[in-house]
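These protein sequence lines map, in sequence, to chains A and B. Mapped onto the numbering used here, the consecutive letters of the first sequence carry residue numbers 1 to 252. Mapped onto the numbering used here, the consecutive letters of the second sequence carry residue numbers 1 to 637.
For the record, the hints were derived by calculation from the structure and aren't laboratory data. Careful, some of the hints might be misleading.
Keeping only pairs whose Cα atoms sit at most 30 Å apart, straight-line, the calculated DSBU-like set for lysine-lysine is [to be verified]:
#1 B:Lys496 x A:Lys11
#2 A:Lys192 x A:Lys6
#3 B:Lys320 x A:Lys103
#4 B:Lys555 x A:Lys18
#5 A:Lys18 x A:Lys170
#6 B:Lys345 x B:Lys297
#7 A:Lys192 x B:Lys182
#8 A:Lys6 x A:Lys16
#9 B:Lys637 x B:Lys320
#10 A:Lys6 x A:Lys47
#11 A:Lys11 x B:Lys483
#12 B:Lys555 x A:Lys16
#13 B:Lys383 x A:Lys2
#14 B:Lys487 x B:Lys476
#15 A:Lys2 x B:Lys555
#16 B:Lys383 x B:Lys200
#17 B:Lys383 x A:Lys147
#18 B:Lys541 x A:Lys2
#19 B:Lys476 x B:Lys200
#20 B:Lys519 x B:Lys621
#21 B:Lys541 x A:Lys4
#22 A:Lys105 x A:Lys92
#23 B:Lys541 x A:Lys6
#24 B:Lys476 x B:Lys615
#25 B:Lys213 x A:Lys105
#26 B:Lys524 x A:Lys16
#27 B:Lys213 x B:Lys253
#28 B:Lys496 x B:Lys485
#29 A:Lys147 x B:Lys363
#30 B:Lys555 x A:Lys11
#31 B:Lys507 x A:Lys2
#32 A:Lys11 x B:Lys487
#33 B:Lys524 x B:Lys534
#34 A:Lys11 x B:Lys495
#35 A:Lys47 x B:Lys485
#36 B:Lys496 x B:Lys534
#37 A:Lys92 x A:Lys47
#38 A:Lys6 x B:Lys496
#39 B:Lys383 x A:Lys4
#40 B:Lys391 x A:Lys92
Remember, predicted model here, so these are calculated numbers, not experimental data.
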Amino acid sequence: MKLKLKIWRQKNADSKGKMVDYDIDNISPDMSFLEMIDELNEDLLRKGEDPVTFDHDCREGICGMCSMYINGRPHGPGDLVTTCQLHMRSFKDGDTIYIEPWKAKAFPVIKDLTVDRSAFDRIIQAGGYISANTGSAPDANEIPIPKDIADEAFDAATCIGCGACVAACKNASAMLFVSAKVSQMAMLPQGKVEKEERVQNMIAQMDAEGFGACTNTGACSAECPKGIDLKNIARMNREYFGASLSSQKIKA
Amino acid sequence: MSLDSKIPEGPLAEKWNRHKFNIKLVNPANKRKYDVIVVGTGLAGASAAATLAELGYNVKAFCFQDSPRRAHSIAAQGGINAAKNYQNDGDSVYRLFYDTVKGGDYRSREANVYRLAEVSVDIIDQCVAQGVPFAREYGGYLTNRSFGGAQVSRTFYARGQTGQQLLLGAYSQMSRQISTGKIQMFPRTEMLDVVVVDGKARGIVVRNLITGKIESHSAHAVLLCTGGYGNVFYLSTNAMGSNATAAWRAYKKGANFANPCFTQIHPTCIPVTGTHQSKLTLMSESLRNDGRVWVPKKEGDKRPPNEIPDDERDYYLERKYPSFGNLVPRDVASRNAKMVCDDGKGVNESGLAVYLDFRDAIKRDGEDVIRAKYGNLFQMYEKITDENPYKVPMKIYPAVHYTMGGLWVDYNLSTSIPGLYALGEANFSDHGANRLGASALMQGLADGYFVIPYTVGDYLATLPYEKVDIDHPEFKKAEEDVKNKIKTLLSINGKKTVDEIHRELGKIMWDYCGMSRTKEGLEKALKMVQELRKEFWQNVKVIGSNEELNMTLEKANRVADFLELGELMIRDAHDRNESCGGHFREEYQTPEGEALRDDENFSYVSAWKYAGDDKDPVLEKENLKFENVKLTQRSYK
Chain A
1 MKLKLKIWRQ
11 KNADSKGKMV
21 DYDIDNISPD
31 MSFLEMIDEL
41 NEDLLRKGED
51 PVTFDHDCRE
61 GICGMCSMYI
71 NGRPHGPGDL
81 VTTCQLHMRS
91 FKDGDTIYIE
101 PWKAKAFPVI
111 KDLTVDRSAF
121 DRIIQAGGYI
131 SANTGSAPDA
141 NEIPIPKDIA
151 DEAFDAATCI
161 GCGACVAACK
171 NASAMLFVSA
181 KVSQMAMLPQ
191 GKVEKEERVQ
201 NMIAQMDAEG
211 FGACTNTGAC
221 SAECPKGIDL
231 KNIARMNREY
241 FGASLSSQKI
251 KA
Chain B
1 MSLDSKIPEG
11 PLAEKWNRHK
21 FNIKLVNPAN
31 KRKYDVIVVG
41 TGLAGASAAA
51 TLAELGYNVK
61 AFCFQDSPRR
71 AHSIAAQGGI
81 NAAKNYQNDG
91 DSVYRLFYDT
101 VKGGDYRSRE
111 ANVYRLAEVS
121 VDIIDQCVAQ
131 GVPFAREYGG
141 YLTNRSFGGA
151 QVSRTFYARG
161 QTGQQLLLGA
171 YSQMSRQIST
181 GKIQMFPRTE
191 MLDVVVVDGK
201 ARGIVVRNLI
211 TGKIESHSAH
221 AVLLCTGGYG
231 NVFYLSTNAM
241 GSNATAAWRA
251 YKKGANFANP
261 CFTQIHPTCI
271 PVTGTHQSKL
281 TLMSESLRND
291 GRVWVPKKEG
301 DKRPPNEIPD
311 DERDYYLERK
321 YPSFGNLVPR
331 DVASRNAKMV
341 CDDGKGVNES
351 GLAVYLDFRD
361 AIKRDGEDVI
371 RAKYGNLFQM
381 YEKITDENPY
391 KVPMKIYPAV
401 HYTMGGLWVD
411 YNLSTSIPGL
421 YALGEANFSD
431 HGANRLGASA
441 LMQGLADGYF
451 VIPYTVGDYL
461 ATLPYEKVDI
471 DHPEFKKAEE
481 DVKNKIKTLL
491 SINGKKTVDE
501 IHRELGKIMW
511 DYCGMSRTKE
521 GLEKALKMVQ
531 ELRKEFWQNV
541 KVIGSNEELN
551 MTLEKANRVA
561 DFLELGELMI
571 RDAHDRNESC
581 GGHFREEYQT
591 PEGEALRDDE
601 NFSYVSAWKY
611 AGDDKDPVLE
621 KENLKFENVK
631 LTQRSYK
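Could you build the full structure based on these sequences and the hints that come with them?
Below, the structure is given as structure tokens:
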């Protein structure tokens, strides 16, 4: 396959970026998208040009590190896949492919296609946990958890924190990411003790990071590589309002 | 010289409890006077960092990824073993211990393995308390599945994403401690050297991967939780960034490196499609619970699998190992796949694949049941291969997956440098010559949650509170060494890319130090790797500068270390004149082609000591004593 690539190049956080054209040949349909970028980078390197910097690690769709905005979609044209799971058989010979970084105020570009997603870590630090010191746990079978609840919590817990939801949203909202964690823990009996504080603190941090508001377009869920359901947002809103009305522990 | 493993006195089942009572404690008010560095944030690192911070120590944690949540433990699929015996099927701490020692082909340390089995039950409790959504029965209780090398069901799982759920659990606990300020987190930061002052580890030198700045961090103890070295082989199931640099720097500062030739080739991975391939994808071992492995009986049979009738199929694992069948341990399954492919019965265009077939399981249980168990794995397979495994059998082939070898540690997880510890895959201690499925997650979390919090205290209690200043000459020298190495890499400006050289290294290692090894092959490989290393330092092309995010430079630094470590793996494989577990020397096999151990001469841990760049490393030994398990020829028939 022969392809025309248009890639966002930006030297560092302080400089201005631009789209740059590259031609690439001899691409096999069995290659993954990132292997195609590897080929391009090997070519650039041999020519003495700076390779395209991008985040990637596990290359099997679970670490959440890869993050490319391909032809106007986070993680490209496939459904329920990350960029590293996208294969070149999804494209045709002669195609032009636009490759950009996640675009959101809360995810500033570090270099080329690499962005800073540490805002997500700070949201988890604000409350995305159950306070359980090592050693204090009762026997694991002490609290039976109905299978449907365990399964539902699991579905929410599969979020990989890649940020595609933010990249897909016209408001760059992080509601799907935050709600997945809030839901997982609010549903499980272990997480109920702290559920009111958790939802309020996480949402406060989400707002402080500069993510936008949710207008229920559903783009986040449609583009989520793990198919995190929109109903998590509804559940988070319910938890949030409930907590605002009842909680004695509201922080100013 | 023989190494002291510091195994506590007493009967096996009492060692750990006695040891916990006998070791020194640091009182709660004094814990805040000690700083601990944790390198790596996978299961071992995240659990250690969180737990030490809960106890009151000041923790600095480092990872090269953009977030601690992305460490490669996240990719573990199948599950985590624990001797809970919730299934009432005869499991016990002793049985898990026994299975692990046997599975490791009697090359692990009894006392460590027993402790691992003992704390395994606490891990499950801890993870459930954190909100890890393990699979459950309709009654709400936890469910289990079976893994290779065991005849009980003791594997806890969260669909095919167990590693993800466990890591996110540990990450959440870490995040809680970051918010309290007890953990200071340094993402996108790579450790490039360990600093030893007066014989004790006192800190590390790191590179900020965004700015390139070289910085020193001082502490009272350093924990390396940096994973394995499977990427020496270029192609493996490891993440692209997984590397051995931290462990290798420790080795060059005096820590012994143990059993480097013990590498695990996992039997069920998606076969290679071409030279563009950048990594290999594992299909969880749990699939062997329901999938049946076979090849056509006729050599070169090119018919589509579904057109080959049953009597023309060779279900070779079920035929050769009737009692364990498709659930033989990984080394046995991998070697047999290689053997049938070497006989020309392999499938796929390359002839380097065997079938893993779910036809009978789907007929028995229905597609929905199989989907519920393995849905995400089937989906992953289809995404990569464009084939539907509900309709046609999967094609699989072995691939490098895990390294049992690693930094030598004593019972306290201390390396041979006091104050420097190694946890999880980075150490060598628990899996012998072959790791059983679902035991890596168990070991990482055992080390981090339940072992190191005790043993590091025993060491810290002997230290004064004062830290070594980062202006100390040893810190300055380590910084200079790191800077000089980077300068050299950037100045070579040769013709070959880092990936080209890495790929060549991987091919040498796979051909001569992979699933089967010979004396002659290893001798040839040693020369080839030495030549390649020379070429690397004369002809590698690294461009850009240090003062920026420079992916090529990062990779070059890692491959430089892989080239040296590869050589040590070859030396170790050459030295070990026996076959055991994943180490198969063709000269040493039973008439049936099974690994033939030599317990009289090789019942030891080979712990290599660095002697200088121009000298051969020195082999030191820890003799293994088996007081509880009788050494026998491993049989899964």
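We went through each hint and held it up to the structure:
no.: 1; hint: B:Lys496 x A:Lys11; verdict: 25 Å, holds
no.: 2; hint: A:Lys192 x A:Lys6; verdict: 48 Å, violated
no.: 3; hint: B:Lys320 x A:Lys103; verdict: 56 Å, violated
no.: 4; hint: B:Lys555 x A:Lys18; verdict: 26 Å, holds
no.: 5; hint: A:Lys18 x A:Lys170; verdict: 21 Å, holds
no.: 6; hint: B:Lys345 x B:Lys297; verdict: 7 Å, holds
no.: 7; hint: A:Lys192 x B:Lys182; verdict: 25 Å, holds
no.: 8; hint: A:Lys6 x A:Lys16; verdict: 16 Å, holds
no.: 9; hint: B:Lys637 x B:Lys320; verdict: 7 Å, holds
no.: 10; hint: A:Lys6 x A:Lys47; verdict: 18 Å, holds
no.: 11; hint: A:Lys11 x B:Lys483; verdict: 23 Å, holds
no.: 12; hint: B:Lys555 x A:Lys16; verdict: 27 Å, holds
no.: 13; hint: B:Lys383 x A:Lys2; verdict: 22 Å, holds
no.: 14; hint: B:Lys487 x B:Lys476; verdict: 16 Å, holds
no.: 15; hint: A:Lys2 x B:Lys555; verdict: 28 Å, holds
no.: 16; hint: B:Lys383 x B:Lys200; verdict: 50 Å, violated
no.: 17; hint: B:Lys383 x A:Lys147; verdict: 29 Å, holds
no.: 18; hint: B:Lys541 x A:Lys2; verdict: 26 Å, holds
no.: 19; hint: B:Lys476 x B:Lys200; verdict: 16 Å, holds
no.: 20; hint: B:Lys519 x B:Lys621; verdict: 21 Å, holds
no.: 21; hint: B:Lys541 x A:Lys4; verdict: 26 Å, holds
no.: 22; hint: A:Lys105 x A:Lys92; verdict: 33 Å, violated
no.: 23; hint: B:Lys541 x A:Lys6; verdict: 25 Å, holds
no.: 24; hint: B:Lys476 x B:Lys615; verdict: 26 Å, holds
no.: 25; hint: B:Lys213 x A:Lys105; verdict: 26 Å, holds
no.: 26; hint: B:Lys524 x A:Lys16; verdict: 52 Å, violated
no.: 27; hint: B:Lys213 x B:Lys253; verdict: 22 Å, holds
no.: 28; hint: B:Lys496 x B:Lys485; verdict: 18 Å, holds
no.: 29; hint: A:Lys147 x B:Lys363; verdict: 25 Å, holds
no.: 30; hint: B:Lys555 x A:Lys11; verdict: 19 Å, holds
no.: 31; hint: B:Lys507 x A:Lys2; verdict: 29 Å, holds
no.: 32; hint: A:Lys11 x B:Lys487; verdict: 21 Å, holds
no.: 33; hint: B:Lys524 x B:Lys534; verdict: 16 Å, holds
no.: 34; hint: A:Lys11 x B:Lys495; verdict: 25 Å, holds
no.: 35; hint: A:Lys47 x B:Lys485; verdict: 24 Å, holds
no.: 36; hint: B:Lys496 x B:Lys534; verdict: 13 Å, holds
no.: 37; hint: A:Lys92 x A:Lys47; verdict: 27 Å, holds
no.: 38; hint: A:Lys6 x B:Lys496; verdict: 27 Å, holds
no.: 39; hint: B:Lys383 x A:Lys4; verdict: 24 Å, holds
no.: 40; hint: B:Lys391 x A:Lys92; verdict: 27 Å, holds
In terms of the numbered hints stated before, the structure departs from hints 2, 3, 16, 22 and 26, listed from lowest to highest.
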